[in-house]
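Colleague: In case you want the letters, here they are:
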Amino acid sequence: MANSKVKIDHVSKIFGSKPKSVIPQVKNGKSKAEILEETGHTVGVYDASMEIEEGEIFVIMGLSGSGKSTLIRCFNLLNKPTDGSIYVDGENIVEYNSSQLKKFRQDKIAMVFQHFGLFDHRTVLENIEYGLEIKNVSKEKRRQIARENLEVVGLKGYEDKYPDELSGGMQQRVGLARALANDPDILLMDEPFSALDPLIRREMQLELLDIQERLKKTIIFITHDVNEAFKLGDRVAVMKDGKVVQIGTPETILESPANDYISDFIKDIDRSKILQAENVMIKPNALVSLKDGLKVAIKEMEENGISSVFVVDRSRNLQGIVTIDDAIEGIKEKKSLEDVLNQDVTTVGKDEYVNDIIPKALESKYPLAVTSGNGRLEGFILRVHVLSGLVAEEVNESTEYHG
Amino acid sequence: MSDFPAIQSHLGDYVSDFVDFLDNALAGLFDFIFFISSRTINGIEAFLDFLPWWLFLVLIFLLGWYFKSLWSGLLYAFFIFLVGTFGLWEEMMMTISIVLSAVIICLVIGIPLGVWMAFSKGFSTVMRPFLDAMQTMPSFVYLIPAIFFFGLGNVSAIFATLIYALPPVIRLTELAIRGVDPEVVESAQSFGSSRWQMLTKVQLPQALPTIMAGVNQTTMMALAMVVIASMVGAQGLGEQVLISINRIDIALGFEAGISIVFLAIIIDRVTGGVADRFQKHRRAK
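Heads up: the protein sequence lines correspond to chains A and B, in order. Residue numbers for the first sequence follow the numbering used here, so the first one is 5 and each next one is one higher. Residue numbers for the second sequence follow the numbering used here, so the first one is 553 and each next one is one higher.
Be aware that a few hints might be false.
Within a straight-line C-alpha distance of at most 35 Å, the following computed DSBU-like cross-link-like pairs (lysine-lysine) qualify [unchecked claim]:
#1 Lys220/A to Lys753/B
#2 Lys673/B to Lys22/A
#3 Lys364/A to Lys673/B
#4 Lys338/A to Lys303/A
#5 Lys673/B to Lys34/A
#6 Lys369/A to Lys299/A
#7 Lys673/B to Lys139/A
Everything labelled a hint here was simulated from the structure, so no lab data went into it.
Produce the complete structure using the sequences and hints provided.
Modeller: Pasting the structure below:
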């Protein structure tokens, strides 16, 4: 992809006295533990490659020691990679000299830290304006920008407080405002919500999505929490022992985990909040058009062994559903398909989360119809599909139909 | 008991020769140090002399009140008043001048050295044994080269005081800068701070409470040197103590001694109060 915002290319980061000397050994496939044992060097990140698109939230997920925090510090060269290149807007930042690097950090990239990294000798406002202050932005201007950003994170009125007078959640808002004040293209977030309690964490996650909706930054987000990763990430990279194990959208990782490690990792995840209608729906084998009439409808149902069928118009817009009983009754009473058509069908959008579909599936007498934005019928969902979507293993197709 | 074999070394002679050599080779430097020290001390003394006695009392009261409490302020002013009634007012002013000069020079030298040690592991390793030696060498010993370089008088006293009182501020500055939360340093770095911006806008302010603890210790040690330094001609309260020893004058000895204690209490509490003030807006770590 030529237009990726950030591209890292075979990046390795090794800690120790002679990091370069260890690279060949890692290349030969020695494990992290073996290398530590033999050479005393720690492999932070090994041979990581990924491309991050402009405007996406890219989550790097892994347990502690997986190298995720080491990797994120490569993006702004707090850690200089031992090997490999990092391209931002096509420029290899690893080759930057110190003044280029300073400029890059001042203008293009900002970071939010796990324990906030606030300057506790400065007030909230002075914290937020720090990035502008070191760029020698005039006092009035940086005050104004700082105030605006304080409002973005909902902390208006706290300008003159000191960080330690604020709760953890509020402190991280200050951290976020400080990063945003520089108006960076890229936002690095190193486990920003891990130190917060669950309620505040959820609130901050939603708020981040909200802010992202408006600002459209490129966000690189680190977490050890699978649920957080899958909730926020447009794409997710999973790391283990310094290596990138899988990169993909949350759905693809859930559907086809690359190995046992990842399956294990995602075992506990709340799939109902990740999977959407289109992930669990069935594409209909049988569809009846309005003009086909009752006989065709009955034939379709008999051939497919089903007890009801969706009826669509010429452009495949859902018109309703007809059951086998109603259809047979209709033929006896010489009614048309339209007369027996049941329009009391619950429809769900194909991007609705399974979590939101569950109550609808429980209430509906018929299968749920899944439609795309323009009303076109895309598929249907039975209650059993909702359930089987929630467990990782394949469940044998049940014979249950609506009942 | 066995006799030690007849092997002799004359390390002391070499040191003596070395001091001779230094005195000649670095005459300019010593003149410069002499000039700076005497200027500082004379300036401060002139200022203190210029203050009317009551204004000085008021100043002490205000300092105590601002940094500790109303009662502390009153108590400290009363202490100073007592020293005046002992007839030791001028001596006390002299002592304060010497201590303040020594402390100012200590900070000017010590803080940059401490910062350098924090940034350079090598320099830190080199400096450490010197600092240890400065702190453990009996203080009388460096009185001798002090006289050699600067003659009898207040400048020698300041020089000796410097050697004794410098280590804490250097050590605590190094410790303080190294102790700044790495994430805070990283965050300053991530915004593209230059080295200097990082030091002045983040590291030093963050380190200030600990550095102030070093200033407090350095001040107390400078005060502790007052009596010893009087042996090389420092005037002030220490000189009075020395005189009282020679005359076996218990009354003078006690008065001069208790005056030093008063000063110590006031200086310790006030500098401690300043340190607390800096600590105020810190998270409990």
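Colleague: Please go over all the hints and tell whether each is borne out by the structure.
Modeller: Outcome of the hint check:
1. Lys220/A to Lys753/B: Satisfied, since the Cα-Cα distance of roughly 31 Å is no more than 35 Å.
2. Lys673/B to Lys22/A: holds (18 Å)
3. Lys364/A to Lys673/B: Given that 35 Å is the threshold and the Cα spacing comes to 67 Å, the pair is violated.
4. Lys338/A to Lys303/A: holds (17 Å)
5. Lys673/B to Lys34/A: This hinted pair holds, its Cα atoms lying about 33 Å apart.
6. Lys369/A to Lys299/A: holds (23 Å)
7. Lys673/B to Lys139/A: holds (30 Å)
Of the numbered hints stated above, the single one contradicted by the structure is hint 3.
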